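One-letter residues, chain by chain:
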Amino acid sequence: MSDGYNFAYLDEATKRMIRRALLKAVAIPGYQVPFSSREMPMPYGWGTGGVQVTAACLTPSDVLKVIDQGADDTTNAVSIRSFFARVAGVATTERTADATIIQTRHRIPEQPLTEDQILVYQVPIPEPLRFLEPRETETRRMHALSDYGLMHVRLYEDIARHGAITKAYAYPVMVAGRYVMDPSPIPRFDNPKLDRSPALQLFGAGRESRIYAVPPWTEVRSLDFDDYPFEATKADAPCALCGATDSYLDEVIVDDAGGRMFVCSDTDYCAGRRAAGHRGIAAPPELVDMGEAP
Amino acid sequence: MGAMMDGLHLAGGFADPATDAATAFRAVLQAMARPGQIESVRGAAPPAPCSHAAGAALLTLVDSTTPLYLAGAHDCDTLRDWVRFHTGAPLVGRSEAAFALGTWDALVPLTGYPVGTPEYPDRSATLIVDLPALSGTGARLTGPGIRDAAALSLPDPAAFAANAARFPLGLDFILCAGDRLAALPRTIRVEVA
Amino acid sequence: MYVATKGGETAIANAHAWLAEERRGDPGVPDLTVAQIRDQMGVAVARVMAEGALYDPDLAALALKQARGDMVEAVFLIRAFRTTLPRLGSSLPVDTGAMACDRRISAVFKDLPGGQMLGPTFDYTHRLIDFALAAGEPPPPAPETPAAPGPVPHVTTFLKREGVLQDEPGGAPLPPDLTREPLELPADRPLRLQALARGDEGFLLGLAYSTQRGYGRNHAFVGELRIGAVAVEVDIPELGFAVDIGEVTLTECETVNQFQGSATQPAQFTRGYGLVFGQSERKAISMALVDRALRARELGEVDATAPAQDEEFVLSHCDNVQASGFLEHIKLPHYVDFQAELELVRKLRAEASGVALQEAAE
Numbered sequence: 001m002s003d004g005y006n007f008a009y010l011d012e013a014t015k016r017m018i019r020r021a022l023l024k025a026v027a028i029p030g031y032q033v034p035f036s037s038r039e040m041p042m043p044y045g046w047g048t049g050g051v052q053v054t055a056a057c058l059t060p061s062d063v064l065k066v067i068d069q070g071a072d073d074t075t076n077a078v079s080i081r082s083f084f085a086r087v088a089g090v091a092t093t094e095r096t097a098d099a100t101i102i103q104t105r106h107r108i109p110e111q112p113l114t115e116d117q118i119l120v121y122q123v124p125i126p127e128p129l130r131f132l133e134p135r136e137t138e139t140r141r142m143h144a145l146s147d148y149g150l151m152h153v154r155l156y157e158d159i160a161r162h163g164a165i166t167k168a169y170a171y172p173v174m175v176a177g178r179y180v181m182d183p184s185p186i187p188r189f190d191n192p193k194l195d196r197s198p199a200l201q202l203f204g205a206g207r208e209s210r211i212y213a214v215p216p217w218t219e220v221r222s223l224d225f226d227d228y229p230f231e232a233t234k235a236d237a238p239c240a241l242c243g244a245t246d247s248y249l250d251e252v253i254v255d256d257a258g259g260r261m262f263v264c265s266d267t268d269y270c271a272g273r274r275a276a277g278h279r280g281i282a283a284p285p286e287l288v289d290m291g292e293a294p
Numbered sequence: 001m002g003a004m005m006d007g008l009h010l011a012g013g014f015a016d017p018a019t020d021a022a023t024a025f026r027a028v029l030q031a032m033a034r035p036g037q038i039e040s041v042r043g044a045a046p047p048a049p050c051s052h053a054a055g056a057a058l059l060t061l062v063d064s065t066t067p068l069y070l071a072g073a074h075d076c077d078t079l080r081d082w083v084r085f086h087t088g089a090p091l092v093g094r095s096e097a098a099f100a101l102g103t104w105d106a107l108v109p110l111t112g113y114p115v116g117t118p119e120y121p122d123r124s125a126t127l128i129v130d131l132p133a134l135s136g137t138g139a140r141l142t143g144p145g146i147r148d149a150a151a152l153s154l155p156d157p158a159a160f161a162a163n164a165a166r167f168p169l170g171l172d173f174i175l176c177a178g179d180r181l182a183a184l185p186r187t188i189r190v191e192v193a
Numbered sequence: 001m002y003v004a005t006k007g008g009e010t011a012i013a014n015a016h017a018w019l020a021e022e023r024r025g026d027p028g029v030p031d032l033t034v035a036q037i038r039d040q041m042g043v044a045v046a047r048v049m050a051e052g053a054l055y056d057p058d059l060a061a062l063a064l065k066q067a068r069g070d071m072v073e074a075v076f077l078i079r080a081f082r083t084t085l086p087r088l089g090s091s092l093p094v095d096t097g098a099m100a101c102d103r104r105i106s107a108v109f110k111d112l113p114g115g116q117m118l119g120p121t122f123d124y125t126h127r128l129i130d131f132a133l134a135a136g137e138p139p140p141p142a143p144e145t146p147a148a149p150g151p152v153p154h155v156t157t158f159l160k161r162e163g164v165l166q167d168e169p170g171g172a173p174l175p176p177d178l179t180r181e182p183l184e185l186p187a188d189r190p191l192r193l194q195a196l197a198r199g200d201e202g203f204l205l206g207l208a209y210s211t212q213r214g215y216g217r218n219h220a221f222v223g224e225l226r227i228g229a230v231a232v233e234v235d236i237p238e239l240g241f242a243v244d245i246g247e248v249t250l251t252e253c254e255t256v257n258q259f260q261g262s263a264t265q266p267a268q269f270t271r272g273y274g275l276v277f278g279q280s281e282r283k284a285i286s287m288a289l290v291d292r293a294l295r296a297r298e299l300g301e302v303d304a305t306a307p308a309q310d311e312e313f314v315l316s317h318c319d320n321v322q323a324s325g326f327l328e329h330i331k332l333p334h335y336v337d338f339q340a341e342l343e344l345v346r347k348l349r350a351e352a353s354g355v356a357l358q359e360a361a362e
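Residue numbers (the working numbering), protein chains in the order written: chain A, 1 to 294; chain B, 1 to 193; chain C, 1 to 362.
Isolated chain A, as found in the complex:
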């Protein structure tokens, strides 16, 4: 652990403030609790909300996993994971199953979470109504009155114009039948995993000073209409590395002619499947051990 800093970086008074906000967030699912976000050593917009929530929840015996775009090895995930290894001395992992706390940006892991896990989301814009109404004073009133007509109008206009709801990510949800919530910019493919998850889901928006939560087993419904039901979508292809047909895929451009292939966005899921012998069309001939140099 790094000398000169308190366990998990934040001072105790700051952690208490975040912890109080977290408990109220759990007690009022989907409601955005204002908290006094601090300047962190990484920039606003780069996960400061998630980092503060994780710092307030970490205990010395936790095992932390950090993903960005589903991957453990993306630069910002690497940076945040090494930050906590340094200031909290906690064990880290890339394996979803081994983690007790998972901090994420833009994805929910493919492997179903368990009751022993906490998923911490980094949130850029916590207010689902923000793009319809820029004023905080107005959106706060709308939540207070459950006045979500504007959101339904916006979604219906989409259908009228495009024949479909055009929210591809950050697709709004209704939590426990009361608050409309922004699930952070996860692809809408991930929305069904929010619903009745055994894990506790915590959301931190640092720059916007908001914390919110979805308790375990809580109903989370993606907003839709009877004649236009919600649809979780992804690229219609199997993973080129592991052959998975049930995972969210990244599209990779592989040559100058614009040739493409699709691979799992969740790197741990993909590696696990390959370790179990699954193969896609472009898999390396022999299994590459992710931990060792060839």
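FYI, nobody ran anything at the bench for these hints, they're computed from the structure.
Be aware that one or more of the hints could be misleading.
[What the hints assert, rightly or not] List of simulated lysine to aspartate or glutamate pairs, DMTMM-like, C-alpha gap at most 25 Å:
no., chain 1, residue 1, chain 2, residue 2
1, C, K347, A, E231
2, A, K167, C, D337
3, C, K331, C, D26
4, C, K347, A, D158
5, C, K331, A, D246
6, C, K347, A, E251
7, A, K234, C, D26
8, C, K347, A, D98
9, C, K347, A, D246
10, C, K331, A, D256
11, C, K347, A, D226
12, C, K331, A, E231
13, C, K65, C, D26
14, A, K167, C, E73
[What the hints assert, rightly or not] Footprint (simulated), chain A over chain B, 3 or more residues, beta carbon under 8 Å:
no., region
15, 21-27
16, 32-46
17, 57-63
18, 103-114
19, 118-126
20, 160-173
The structure displayed is predicted, hence computed values, not measured ones.
Even glycine gets a Cβ: it sits at the ideal position worked out from N, Cα and C.
Chain A is fixed; fit chains B and C onto it per the hints.
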């Protein structure tokens, strides 16, 4: 100022504040997220009549920015001094309280506490209730955090049900007995089993 | 065969090493010292302290060195460091009336008690590049006069005495604290002033300028601008009196603006207020103009719809640490979201061309 003189208030805090508070918080968070689940907490030894679990909750959540209401027998010199020394919380009446601590009988009726506003339902009091015992039997609980249904020994299910009826306004509870605690957020539907 | 790119850790370490080299520059050129930056880049240091919300010239100078002169990056370093400092107590309000002024001017009276004192200002320099400076020649000695005895009274005290200047109600004994509580809207004036004091100089300059050009016009006179050192005092309960713990250099600006009056109030001048760490007069004047603009509703100015009069707009966007972080985060990978949009656009295009084909066939 008897306790101040004999130094009782100095003892009973967390030995390692950062990690003890982290561990205690996780227990409280688990309890609040999974109503009916009973957690153990260690590390705090407050003076009577405050339970060790309630003491740990205070040390973890309360400080000079959170007004605290001590109800009934908990409003005694020794506990007041301990709370002041370890948390710095201003002691107030129930209408200004962010947290309240006492036995069920001392804390009821559940009126006069801040329950939040429609714009800010989070600005509501959390009641830390010291109970003689705590077990996973009794009132039937359903709602967020609970897979199907849970059971918890609640002192007065009807009072909790009335609190839940005000959602999203309302009070949240941390229920303590010895070194164990459970929690009951305002979301939970409470029925007599 | 395809192997996904890995190695974020190595890439980050290498980038940091390169950055450190670039920061140092040519090793044949002497390394800048913190003292050199502190003493010779004083205005830059002041801005870092003001927007970093931490008065420590040495630390601000070090932050500037580490940030390669990037002001917003230096401000960010100071803010992140500030997070780790425990709060031991609060000072008493500083008394700017007792300031030891280095500079003090008023644009509303030709002469007044305490006098006009230009001080070390760029104002009347001709903006000609000074090539002698490149040669490292020392400046000619500045003439000295003995400091005027006693405190210099605020210009507004004379206007207030006559009753032509609106009285400002005293604030709560303990104002809200933006660094300890989340910003809540609507915000009262003490909270607004805190946000503006930390706000980005360029953003506030642009807003203030917009009010001068008619977007919420409210003609401002610089009632007074003063720069100098004030004592910082802390109440020590155990001692029963306040103790002087040091001094800070501040720039204070009070503007005098006209107010038409109303059915119940005769015409009076109103005020805008700016107070900033260090010698930061462009910021202090901008702050005073924006403060005054944000009082439009309170002062009953109808149709207060200009950007500088919009509290939510100004306060939500004036912090450059928030703004630059969020702006630059779009450099981070977004390929999951982009992929989702790509799928959707392809689907909508396929459906549209399907409809077009069908229509053509009919």
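Violations among the numbered hints, reported as their numbers in ascending order
Those not satisfied are hints 3, 5, 7, 8, 12, 14, 18.
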